[in-house]
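Chemist: If you're matching them up, the sequences are chains L and E in order.
When the first sequence is numbered by full-length UniProt numbering, its final residue is 173 and no position is left out of the sequence of numbers.
When the second sequence is numbered by full-length UniProt numbering, its final residue is 117 and no position is left out of the sequence of numbers.
A hint or two may mislead.
Unchecked claim - Residues from chain L shown here face chain E by an in silico Cβ test under 10 Å; the list is partial:
id: 1; residue: Val13
id: 2; residue: Asp17
id: 3; residue: Glu21
id: 4; residue: Gly24
id: 5; residue: Leu37
id: 6; residue: Leu41
id: 7; residue: Thr51
id: 8; residue: Phe55
id: 9; residue: Glu62
id: 10; residue: Leu63
id: 11; residue: Pro69
id: 12; residue: Ser100
Unchecked claim - Some but not every residue of chain L turned toward chain E, in silico, with C-beta under 8 Å:
id: 13; residue: Glu36
id: 14; residue: Ala44
id: 15; residue: Thr117
No lab work stands behind these hints, which were simulated from the structure alone.
Quick reminder that beta carbons are idealized off the backbone N, C-alpha and C, glycines included.
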Amino acid sequence: MGIIDRFRIENAVQTYDFWLELRGMRSRRRKEARRELRTNLRDAAADVGVTQALFNIGSPKELAYAMTPEAAQRPRWSLGAMWASLAFVVVVFGLMYTASTFTSGVDASGVVGQQVTGFVFPWFGVDFMARIEPNRGGLSVGAGNAQWYVLGLPLLAFVLVARPWRAFTQKAS
Amino acid sequence: MSIHDAQMLKGVLALLLLSLLADEDNYGYGIVTALREAGFTDLAEGTVYPALTRLEAAGHLESYLQRSASGPARKYYRTTADGRADLVARRESWHDLVASVGRVSGLTPSVTHPKEN
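Let the sequences and hints guide you as you build the complete structure.
Modeler: Dropping the structure here:
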């Protein structure tokens, strides 16, 4: 079996594993499920070819759902991490964009040689600062107390999506 | 190639799997192949594998790993005592269904009831 065929099988196996995890299957059982699917796919590929073997299992997502008719009530760590990462990117981008806009406003107002501090909606509690040096001699930009947004919002997203309290309330599955 | 009604097939899939595994231990793709050789050519792996998992979760099947000559270890299934009891019940149920359908539709069942043997 060539590298590309192995990659296609592994891609299907990992997609299947991803959805099994989202359905709350424990890692030890997922390892067994991955191994079983990989072995079956390789045997089927040797028999009918990789394309037909992958076609016959259908969508790895649907297969994972069929394997887990009732999703276990476990924390969804991966999904939580994904949403936390997304929230982090959005917050950092939003802060940088706002700071840039604030600086442009200070520049347009013609205030030079002194630090200007202000509030920009909706960043409550964040102090945006900008200083434009005379004769276009440079600028400095800052955002005080932004750590609450940079760390807090991704953490909040992680907790709400991952639901870690399930680790304490779940039954053994 | 025979085409079976998907819903009908789903209803008897557990019976087919338990019957096959009562005769001989087998692994996922091996079971699919055996079913296809028996005429279920339209049965996809995506239907069989979850059914095996459900039967194992219900305690009707148990599994073990066995190394294969061609590569990594395969997960083989075999019936448990519960599975064999369930198979008997499912066979009874199947024969009752065939007999009832036969009476209503006028078709004569071509299978022999195990009680009659």
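Chemist: In ascending order, which of the hints set out earlier in this document are inconsistent with the structure?
Modeler: 1, 2, 3, 4, 7, 12 and 15
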